[in-house]
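Please construct the entire structure, taking both the sequences and the accompanying hints into account.
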Amino acid sequence: MAVLTATDLTKRFGGLTAVKDVSFTARPGEILSIIGPNGAGKTTVFNLLTGFLRPDRGSVSLDDMDLGGVSPESRCRAGLARTFQIVQPFRGLSVLDNVVMGAMLRARSIEMAREIARKVLSDLDMSALCDVSAGQLPIGDRKRLEMAKVLATSPRALLLDEVMGGLIPIEVKKMIGFIQRLRERGIALVVIEHHMSAVMQLSDRILVLQNGEPIATGTPAEVTRDPVVLSAYLGANFAASRS
Amino acid sequence: MKPAHSPLTGLLLPAAGFVALAVLPLIFSDAFFVAAVTLALLGAAASLAWNLSGGYAGQLSLGHAAFYGIGAYVSTILFLKAGISPLIGMWLGAIVSAALAVFLGAITMRLKGSFFVMSTLAFGAVVHISAINLRDLTGGPSGLAIPLRPSPENLIFAKKLVYTYVALVLVIVFYAVTRMIAVSKVGYALVAFRENHQAARALGIRTLPLRIGVFALSAGLISICGSVHAQYYLYVDPDSVMGLNLSLNFALMAIVGGLGTAYGPIVGALLVSVVSVVMQVYLGDQISGLTQLAYAAIVILVLLAAPTGLGPSVHAFLKRSAIWRS
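Protein chains in written order, with this note's numbering: chain A, 1 to 243; chain B, 1 to 326.
Just so you know, these hints were derived from the structure itself, not from any lab.
Accuracy of the hints is not assured; some may be wrong.
Unchecked claim - Below 16 angstroms or equal to it, Euclidean Cα-Cα: the simulated EDC-like pairs (lysine to aspartate or glutamate) are: (1) A:K173 / A:D125; (2) A:K173 / A:E162; (3) B:K185 / A:E111; (4) A:K20 / A:D56; (5) B:K319 / A:D131; (6) A:K174 / A:D123; (7) A:K119 / A:D131; (8) B:K185 / A:E115; (9) A:K174 / A:E162.
As the list claims (entries may be wrong) - Chain A regions said to be covered by chain B (calculated; three or more residues, Cβ under 8 angstroms): (10) 9-18; (11) 60-74; (12) 109-120; (13) 208-216.
For each residue, glycine too, the CB sits at the ideal point set by N, CA and C.
Structure follows, in structure tokens:
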């Protein structure tokens, strides 16, 4: 049973078709990765899923609820949350207060929200940073804070937009472990990632986009053998030499 | 935002400050001084009300004088024409102001940044001009005079010192309201919107109703200040209760003291008032306009030296020097 279903999502910006006929499902406890070259339309897909952009065609549903016309904040309340590729911390606030902003959604009081926030931060090994101002964090910690904020909203489906970007190898390793724990909790995960070894380790299924269109979908092993994908990433000559 | 206050900054320091403000006019009972303190406190209360929406929610309004003026006019007109006590009239004024704020907010709160500021500026001008032209109701440009009939029920006192304490009560109540909102989910949601509205939406924070609500609360509270203003001067006219410079002052006091902090408007109002009184005393009979010029220069200097407002800047300075000493 899918948590999140996208059907024929299409978005045009003037003459440019950024996303065309993208369909997929995300199931609880499963990781779906969306990969593709820069400009393939991956982040636009996230914006369509979370309601920051309206699709020209196609639909998004969470469980059986159609999300057409539903605002980003209501989608988050319904359990569909996202991180931003360009992280969006509340710069002037402490790390703890940043996470409290997310935790408020499921908490009756600020005290309760603060408790949830502390728990999330400790899960992410960030307890020591509670009082640090978010604007002063290095990029690796900002990426983790971006995760902490959305996790505090207790999502059922979570969209992660390049959370590995800018991380050093040891941080990537930790992040992979953390995402795997999220999967074990039964969250449906959709991941945009350029870090290929992370994608290969984590993904149950991969959807490959090129110029906004899906060109392949399948398990990591299937996708890496697909000549269409090889030619998109490495050029037609390389694909031909392998086949 | 620092929700976890130490007992010192959380309770003792404000309490000491309010006691000092209560005692000062008793020691220096000179009429000029009492008047200056009263107006500073009334300004502080108005700026506190402004700061709820302008500071915490980050919705810079330059039209709040309209609500202040509505408070002054509603209580005064009801008192003069229907004999209704200003103690009741001020609440009716607050309701009118809050209702107007909901109406205005529902239309303009989708605007962002300077576009919202412009809409409040236009609203202030419309209300101001209406007050000038609705002669039958408002007395037009020459305004309305309230007969001196001292009684607590009329909110008219022969001893001007009583107004000082009326204003001080407003300051304390508005300060408490601000502190309560600041540590609530509503306060957090407003700050989230102010800091990064896209991130707030992505976290499921629905801010529009809250922003309209706090705008209405802000309008209602500042309207009460306007009613007290009318009873203090026993006179209202469009320019003195609805002028643009009044709106600018509400904002200025909060900005100088520390935008989006509970104590900022009080610190700012006291400082701005002290400066303006000193300028009037020492420069008043010199070249005309010199007072305003010096006043403006001082405000600019303060903002250059303490761009986040006096309160937060002093706080940061103390913190830095404490780290340096240790």
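Now the hints, each set against the structure:
As the CA atoms of K173 of chain A and D125 of chain A are separated by approximately 13 angstroms, the hinted pair is consistent with the 16 angstroms bound. Between K173 of chain A and E162 of chain A, the direct Cα distance comes to roughly 14 angstroms. Compliance with the 16 angstroms bound is thereby established for this hinted pair. Of the supplied pair hints, the one linking K185 of chain B and E111 of chain A holds, its CA atoms being roughly 10 angstroms apart against a limit of 16 angstroms. Taken as a hint, the K20 of chain A and D56 of chain A pair is honoured in the structure, with Cα atoms around 10 angstroms apart against an allowance of 16 angstroms.
The hinted pair formed by K319 of chain B and D131 of chain A meets the criterion: a straight-line CA distance of about 15 angstroms does not exceed 16 angstroms. For the given pair, K174 of chain A sits about 11 angstroms from D123 of chain A by alpha-carbon distance, which is consistent with the 16 angstroms threshold. For the proposed pair K119 of chain A and D131 of chain A, the alpha carbon gap of about 15 angstroms is at most 16 angstroms, so the pair holds. Among the hinted pairs, K185 of chain B with E115 of chain A is consistent with the structure: their alpha-carbon atoms are about 14 angstroms apart, no more than 16 angstroms.
Proximity of K174 of chain A to E162 of chain A is assessed by CA-CA distance (about 15 angstroms); at most 16 angstroms being required, the pair is judged to hold. Under a criterion of three residues with beta carbons nearer than 8 angstroms to beta carbons of chain B, the stated coverage of the segment 9-18 of chain A fails, only 0 such residues being counted. Only when three residues or more bring their CB closer than 8 angstroms to a CB of chain B does the claim for the segment 60-74 of chain A stand; here the count is 4, and the claim holds. Coverage of the segment 109-120 of chain A by chain B holds in this model, with 3 residues showing a Cβ closer than 8 angstroms to a Cβ of that chain against a need of three.
Counting residues of the segment 208-216 of chain A whose C-beta lies closer than 8 angstroms to any C-beta of chain B gives 0; at least three are required, and the coverage claim is violated.
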